[in-house]
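A.B. asks: Construct the complete structure from the given sequences, taking the supplied hints into account.
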Amino acid sequence: MARALATARSHLRHRAVLLAADRDTHLAGLRALAAGQSHPALHRDVAAPGGTLAVLFSGQGAQHPGMGRELYQAFPAFAEALDEVCQHLDAHLPRPLKSVLFAAEGSAEADLLDQTVFTQAALFAVEVALHRLLAGWGVRPDLVAGHSVGEITAAHVAGVLSLPDACTLVGNRGRLMQALPAGGGMLAVAAGETEVADALTPYADRAAVAAVNGRAAVVVSGADDALAALAEHFTALGVRTKRLTVSHAFHSPLMEPMLAEFAAVAAGLDYAPPAVPLVSNLTGRVADPELICTPDYWVRHVREAVRFADTVTHLHDLGVSALLEVGPDSVLTALAADALPAGGPLVTGVQRPGLGEAAALLGALTLAREAMPAPR
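Counting the sequence shown from 1 gives a position; the working numbering is that position plus 23.
No lab work stands behind these hints: they were computed from the structure. Please note that the accuracy of each hint is not assured.
[Claimed, not checked] Quick list of in silico lysine to aspartate or glutamate cross-link-like pairs, EDC-like style, CA-CA up to 16 Å:
no.: 1; residue 1: K265; residue 2: D247
no.: 2; residue 1: K265; residue 2: E279
no.: 3; residue 1: K265; residue 2: E284
no.: 4; residue 1: K121; residue 2: D106
no.: 5; residue 1: K121; residue 2: D165
no.: 6; residue 1: K121; residue 2: E103
no.: 7; residue 1: K121; residue 2: E107
no.: 8; residue 1: K265; residue 2: D248
no.: 9; residue 1: K121; residue 2: E132
no.: 10; residue 1: K121; residue 2: D137
[Unchecked claim] Here are the computed distance ranges between Cβ atoms for each label pair:
no.: 11; residue 1: S61; residue 2: G366; range: 21 to 31 Å
no.: 12; residue 1: D106; residue 2: A382; range: 15 to 25 Å
no.: 13; residue 1: E255; residue 2: P296; range: 28 to 38 Å
no.: 14; residue 1: A227; residue 2: L42; range: 48 to 58 Å
no.: 15; residue 1: E255; residue 2: S61; range: 48 to 58 Å
All figures in this text were calculated on a predicted structure; none of them were measured in a lab. For glycine and all other residues, C-beta sits at the position ideal for the given N, C-alpha and C.
C.D. replies: Quick look at the structure:
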C-alpha cells in the first residue's frame, strides 16, 4: 500500500508519513492518523506547491569508520550501487575500498579511512550509493552542489562525468594528494573573508583561504608557520581559531606540486554538459556548462577556495525550498543553516550522529517531505 501511494497515486498537498519498526507502533500510528491525533511515529503536514530540492554532497571531515555498513545490509539497491562504484575505484587504490570502509572500528584497517587516498574514494562511493537509493525512491534533485571532493559526486550525478571517469578523477586526486610531502595544515577562523584575506597577505606564497563556509567561518590552509602566525594574530584580536585535523593543506599553495600530473589525468576524461544544474565551488553560482567540462576546471578545483557560503546563498536566491545533505554525516547541514537567512529553506542531512543509518535516512526524508517535490 505504501509503495502504491508513493509511486502510483496522485501526490496531494496533505501528506502523512508513518515510521514504524514493529506492528504495534504501525497500528497505533494509523489509529492516531484516523482519529486526527498525534503520535511519535506519525509526521504530517501540508506540502508547499512547487517545491524544489537541492542536494549537497559532503566533503572530507564527514567520514567515519563503518559508514554505510547498515545501509549496505538493509537496502539491496544501496549495496548494488556501492559494489559497482568500488569495482571502479579499487583499480586506483592500494587495497579494496570495502576492506577499509567496513573494517572494525579501532583496527589498523579502519584507521586508513583518514588517509586522503581512501577518504575521498569512500565519500564518493557512499554518496553515489545513497543517491541511487534515493533516486529509486523517486527523490531526484532539481539542483546539485558539493563541498570540495563532494562536487565530483555532484558532477557525476549531474551527468558531467560517467561513473568510470568520476572514479578515475577521485582515485587519482586522492592518490596524488596522499603522495605530497607531510606538513602543513588547516585552520578554522571565526572571521569574515576580507579580514582573513588581509591577514594572509604576508604569507601569500605559503597559505591561502581554502573555504568560505559562512559570514564568519573561513578556513585557511597552508604551511605550519603561517598558520601559527595567523592563529596568534586572530587570538590577540579575540577571534576564535581552531586547528583542524587533516593530513594535508588542501586548497592551498602546498597542492601545486601535484597539479601537472592531475591535469594529465583530467585531460584523459570525457565530459558532458550537466543535465541537472550544478552550483560550482569556484564561483558559488550555477556552473557554466562549458567551463565545468574542461580539465582546467578540475585542476583549479584542487587549488582554489571552496565558496560554500556563496553556494547555499545562491540556492536560496534561486528559490530552493529544501537542501538535503547526502553523505555519511551532517557536516554541511549546520554550515548551510548558519549561512542562510532566517526563514530560509529547510536544511537537513540524510545521516546524523547517534542514529542508526536507516532510521536517520528515513527520518530526514520525513522531515523534508513537505518542502520537496513529489517523488518522480
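A.B. asks: Compare the structure with each hint and give your call.
C.D. replies: The hints, checked one at a time:
1. K265 - D247: Cα-Cα ~13 Å, so holds.
2. K265 - E279: 25 Å, violated
3. K265 - E284: 32 Å, violated
4. K121 - D106: 9 Å, holds
5. K121 - D165: At roughly 31 Å apart (the allowed maximum being 16 Å), D165 and K121 break the hint.
6. K121 - E103: 13 Å, holds
7. K121 - E107: Given pair K121, E107 holds - Cα atoms ~11 Å apart, limit 16 Å.
8. K265 - D248: 15 Å, holds
9. K121 - E132: Roughly 10 Å between the alpha carbons, so the hint for K121 and E132 holds.
10. K121 - D137: Within the cut-off at roughly 14 Å; holds.
11. S61 - G366: 21 to 31 Å: 25 Å, holds
12. D106 - A382: 15 to 25 Å: Since the Cβ atoms of D106 and A382 sit about 23 Å apart, the hinted range of 15 to 25 Å holds.
13. E255 - P296: 28 to 38 Å: At roughly 47 Å between Cβ atoms, P296 and E255 fall outside 28 to 38 Å, so the hint is violated.
14. A227 - L42: 48 to 58 Å: 52 Å, holds
15. E255 - S61: 48 to 58 Å: 54 Å, holds
Of the hints listed earlier, those the structure fails to meet are numbers 2, 3, 5 and 13, in rising order.
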